[in-house]
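Fit chain A to the known structure of chain G by using the hints.
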Amino acid sequence: MLRALIATSISLWAAPPDYETEVRPLLAKRCHACHGAQVQMSKLRLDRRAAALRGGESGVPAFEPGNSEASLLIRYVSGTEKKVVMPPAGPRLTEAEIGLLKRWIDGGAPWPGEETAAAPETRDKRLDHWAFQKLVKPAVPEVNDRAWVRNPVDAFVLAKLEARGWKPAAEAARGDLLRRVHLDLIGLPPTIAEQDAYRGDLDAEAARLLARSEYGERWGRHWLDVVRYGESNGYERDAIKPHVWRYRDYVIGAFNSGKPFNRFLVEQLAGDELPGANAETMIATGFNRLGPWDDEPADPAEDRFDQLDDVVSTTSQAFLALTLGCARCHNHKFEPLLTKDYYGMVAVFNGLERPRNGRTELDRPIGIRDEVDRFNQREKKIADLREAARLDWLGSGKSALPAAAVTAFLTAAAERTEEQKQLVRDHTKAYEQELKALPVETEVDRLKKEVPDLPRGYFLEETFRQIPKTHILVRGKPGVPGPEVGPLVPAVLAKAQPSFEPAAGARTSQRRLRFAEWLASPDNPLTARVIVNRVWQWHFGEGLVRTANDFGVMGDKPEHRELLDWLAVWFVENGWSIKKLNALIVQSSTYRMSKASNERYAAEDPENRLLWRRPMRRLEAEAILDSALAVSGRLNRRMYGPFVYPHMQKEALEGSSDPGKIWMPYDEQAASRRAVYYFVKRSLMVPLMEVLDLCDTVRSAPKRQTTAVAPQALQLFNGDFINRQAHHFASRLREEAGPDPARQVEHAFRLALARPPTATERSTMLAFLKTESLEQMTRVILNLNEFVYAN
Amino acid sequence: MPIKRTRRDFLWQTGGGFAGIALMHLLSRDGFAAPAGSILAPRQPHFPAKAKRAVFLFMNGAPSQVDTFDPKPELTRLNGTAYRGKLAVGSNGRPIGYLMGSPFEFKPRGQSGLPISDLFPHTAKFADDLCVIRSMYTDTAAHASGCLQMNTGSIFIGKPSMGAWVTYGLGAGNESLPAFVVMTDPRGGPIGSASNWTAGFMPAAYQGTLFRSGAAPLLDLKPPVDDRTQRRSLDLLKELNEEHLRRHPEESELAARVMSYELAYRMQTEAAAVVDLDRETPATRERYGLNDKLTADFGRKCLITRRLLEKGVRFVQLYSGGGHIEDTWDGHNDCITNHRLHAGETDKPVAALMEDLKANGLWDETVILWGGEFGRTPTSEGVGKPGRDHDWHGFSMWLAGAGVKGGQAIGATDELGFEAVEERVHVSDLHATMLHLLGLDHTKLTWFYQGLNQRLTGVRGELVRKVFA
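Line by line, the protein sequences give chains G and A. So the first sequence is numbered by numbering that gives the first Met the number 0: it starts at 0 and just counts up by one. So the second sequence is numbered by numbering that gives the first Met the number 0: it starts at 0 and just counts up by one.
Heads up, a few of these hints could be off.
As the list claims (entries may be wrong) - Derived BS3-like pairs (lysine-lysine); straight-line CA-CA distance at most 30 Å:
#1 476(G) / 85(A)
#2 465(A) / 82(G)
#3 85(A) / 81(G)
#4 556(G) / 42(G)
#5 443(A) / 42(G)
Claimed, not checked - Covered by chain A, according to a simulated footprint, are these stretches of chain G (three or more residues, beta-carbon under 8 Å):
#6 231-241
#7 544-557
#8 681-692
#9 715-729
#10 765-774
Hints are computed from structural coordinates only; laboratory data are not their basis. Backbone N, C-alpha and C define an ideal beta-carbon position, used for all residues, glycine too.
If we strip away everything but chain G, and leave its shape as in the complex, we get (with noise of 0.2 Å):
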């Protein structure tokens, strides 16, 4: 205790304690043991000044010079954090050592003879991986079969075939490619009269798909996937977002009227920070409130990040395809990104709010600026003129309430007795009744049709004057704050940062709309790489890289990485065209290639990352039910607007905690519209769309998945949608072929299948009716393998 003191005193005036004779002998004797040069538990050596200063695996600094009270190493050494105590065994400091480490990194740390000759650092070579490189433009390879190349997509993929002496698969019949540029592109079969209409123009036919309104259904349904979209919160409550739905209308808009994809990218982090900004731009940043949300969470604090985390993760994953949320407790441990890039980020989304009510969600008027300025400011007049007229009303004794329940109305909610609250609750509905009959309502008419009421919209908000500073968290505890960080973009991405500087006289950082404007910049490594690379999954199935989501050093490593490139470049240069770039590869021969396999090539490149072929492909969950719609012919074809509530069995209820509430009943015109229209409750998928593989709603999802199991088998052969389109497919058949069975059977395979039956398959379903129904038959059609896979 002396020894402290007469330290403590000391301290006054001394010079900082010596490194070599008083430091590093402490340092040595209790810390590099497990932090040296041997061993570097959570990757932290305190040997060396560059290491210790970069921090372990927390991506915090051992310490801060000059300030030892920020110092993790002091924090941990003294006992002041709870969960981390420094040494972990063996005696801890005495006050003497710890006093000696506080002078010392108080007085500026001194490290004589590393502060000068620091080792030069050996490069990360993560960093030369391909995905952080600049993009640029590859030479278009040449080609010996030239006649098969119909663009340069073509010659990429051939040169790698020719230089293994393989041949592309012939190019699939007529037939098979109608079906599959029209389940491609807008998810429906070709219908008869399209099939007879088709003279074998491919392109013509693409462009008149691309066209189409239902186009944006089935591609707006892709980017749903990516962007973990659902319409509850998830957790115990499950509540519905309200208006959720219309972010979903904005991205089924946005496919079919080709908005760029630098715009799209734009609009939904920072559609209200755009200059232009309106109701759509707005709609489009409900993107960032899309995640799930724990309206009760264990511990508040932890909460705010992970609604912050949800935000970074998935706009990390979306738009970069990097892993980052992975950095939120220590630096990655395969990819060169830190947690200060982690929280770099937090930092751009860190204004935002949510509009809440306690437990309940609010959804916000949408418009332009100027409209929502005035709406807003007619909302608090009309709430003050109220408020007046209340008072007034009250105060005149003509009210005809009892004068004990005046009072208790005319006393604040939080001052009320137990016996004023029974009074107000007896008697609210006089009372609102009165108030419904003053003259001030018919001023609150007039301001209401002089500024008319604004549709309403579900996003996050920036509504803080300040926003509130970022720090590293130490293992992601918001208990432990390490350094603070500004705005920031992960810095393998960038040779310097962008400007975060928000625009004069905005009413936001604006730090959303940089950071987008930085995602959006052709510098940008990964933005277009990315985008394309869904495209060309959504086209095929597999990406050029199979891991959509993650083109970090443990992403998969692309077999045609030129044509990725080249597509990408393209793609920038075509204005970010989403429809051109989808025209272009249904133009390619690649495209148009058969499913035809080789024993050879299978054998060899068994997963076709030569793309030798067309790979097979089962529909996904939206697309095979809303086929059966088409072909049945109830699609209901209405577009956008709330979700519906598709059939669900009712047993399929009994998990619930709430079996009562949570379904309305069955609409059968309703129900019957596009898939992507139905409800996504978060605690409660629709059977039929969970056992057709529908992706995770609760994270971007890169991928669907295909399985086949017998519960699978069951909804489709047993269940209620199925039979109930095989019936109404069936009712079809009879009016539109007539009587004749074999009439009937050619005019089903036409319509499921978009060809006519073989021989065998004909004679075959013939036999069949002679003891079965015509329902029944449909029934198997509608569960064909053929009918859920694309040609």
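Only chain A this time, still in chain G's reference frame:
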């Protein structure tokens, strides 16, 4: 041996794929196991283990440790006095009352003398088989996150449940029944519903399947037509699909889909047969408590569980309690009446299940886990009412069966029963231990997702080695 997922073995890798004849051969085989190559095909465990299947008796709402398996004489002595400890007790700002000793008597049971309260006279007969962990703790005081953590290892939704991990790790024992069966309480499911038995980011094939209460326990089990028509329609489907398969002979994915319809057809019969308890003897029905309104529902579930295990089902989870507070073990108002009710509903059926598993030899291949999402406070909730609030600092669970050393209590809470103080066992430690009993190494049972090898135990999980026989 990590279970690697590539696109090839994720689907149905069978070399050349099956053509129709090979397929029919597989389908005509007598036996339960899923065919090789299926996503649910049996897989070798990481190391040999006795347990091949598991039962999780989930006491939804959180049973009180000091009233069940953790006797506290000191608590009884201090009954009615204020709690002076340092722990933050209770949840949601509910009022804290006084220390409240258990009104239930604890007796030493069996040869081991393991103390069990009078709430469980039937289970107590198996004291020498029970391994009680008295030092459990978890990270949350709320039911929703507590159930999630106990089932999936995480307080966040979207992670695969333990049953899904086991199904992924070991495959199905019988593909004409679901590999992982869940039976909920008729009063309602647990908070979070299917999040508690989800496959999360893994294929839906691994998720828990709800077995429902009626004669058709699975969704769409009952065909909309008579069996003759059903069979003829399926035959037509098979014939056309095989014709299609002949055009694509390499495609094992297509072949698997053909097979799934045949398995579904078998499932129609098998699943319905499993829940048909009419042929059980009156003595059996009596032992499971089917004749008593109090025990009939859970008794039925336990009896179905025995039959599912006999058919090779890998993982069965039963929920006791559901719906509103006092319909679960959540005894906020009157823990005594509450626990009498819920223990009364479950004690006899659980004992009957254990008895039967011993008799039919499955005991040595089955591990049983009993417990809820956390425990309850040794204090009363408020003054003058015998309720108990949530306690996540310490609670009890028990294991029994294959590979488990019975007749022992592991760890300890403090002298009043608030907090686990000796040999503390986190939920993730329990998960690691359960997987180990089933021959699975929790650090190797991984699924690559979002840039990480995801595990049931996250970055935690220490084996509780004392559990092992």
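- Item | Numbers of the earlier hints that this structure fails to satisfy, in rising order | none
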